[in-house]
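*Asks:* What follows is the residue order along each chain.
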Amino acid sequence: KAGVTQTPRYLIKTRGQQVTLSCSPISGHRSVSWYQQTPGQGLQFLFEYFSETQRNKGNFPGRFSGRQFSNSRSEMNVSTLELGDSALYLCASSFRPGGGTYGYTFGSGTRLTVV
Amino acid sequence: DQQVKQNSPSLSVQEGRISILNCDYTNSMFDYFLWYKKYPAEGPTFLISISSIKDKNEDGRFTVFLNKSAKHLSLHIVPSQPGDSAVYFCAASAISNQFYFGTGTSLTVIP
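Protein chains in written order, with this note's numbering: chain A, 1 to 115; chain B, 1001 to 1111.
No false leads were mixed into what you were given.
With a cut-off of at most 20 Å between alpha-carbon atoms, the simulated SDA-like pairs for lysine to any residue come out as follows:
| no. | chain 1 | residue 1 | chain 2 | residue 2 |
| --- | --- | --- | --- | --- |
| 1 | B | 1037 | A | 108 |
| 2 | B | 1056 | A | 102 |
| 3 | B | 1071 | B | 1097 |
| 4 | A | 57 | B | 1094 |
| 5 | A | 57 | B | 1002 |
| 6 | A | 57 | B | 1003 |
| 7 | B | 1037 | A | 88 |
| 8 | B | 1037 | A | 40 |
| 9 | A | 57 | B | 1097 |
| 10 | B | 1037 | A | 38 |
| 11 | B | 1005 | A | 59 |
| 12 | B | 1037 | A | 45 |
Because the hints were derived from the structure by calculation, they are not lab data.
As the structure is a computational prediction, the values presented were derived from the model and not from experiment.
Okay, chain A solo, but in the shape it has when bound (with noise of 0.2 Å):
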């Protein structure tokens, strides 16, 4: 079956911009989490919705936010970007919330480059 799926690849924005990134999960996975890697920060958890409904949120400003649609596609969207704000970020989708003890199947993420 095919894997979660990340669109665009690649995204280079100027600062002030917004940024709109989509995820398509497995077929049959309901939940969605989002992540941000960064250099030394590891991987930070953003939010995670299930059934299209955000059901955790981490700890990032209210610029960063996110939805899913009844095909459990997912979006997230970054308004008024800032240089800090440059990083992979990785959709993970998963059968059960919170990823049950089956973890995540990952995406191969959306590098964004804010200039």
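Keeping the supplied structure of chain A fixed, place chain B upon it in accordance with the hints.
*Replies:* The following block gives chain B in isolation, referenced to the frame of chain A:
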């Protein structure tokens, strides 16, 4: 506040020898632990897991050890192979909340 810590950013090991990657956590409520492996330009892939009711789980060349009293887990790779060169992340979860990840350890296996 980093609840899961990997204090060694990098590790180099000779091919055929043992690689030991360490991970410490602070939250005693964590009950499930995973190790992920990540190659450049790819997302992390699941490697091995362990629940808090066990202290060891083995899968081929990979063994994860959990010491709950020390809040410490480790991943052993024996024997190490050049293809094991990657970044390894440990992750912990409390009652299916969400997974907290460490900062990663970059393993280089020298042929």
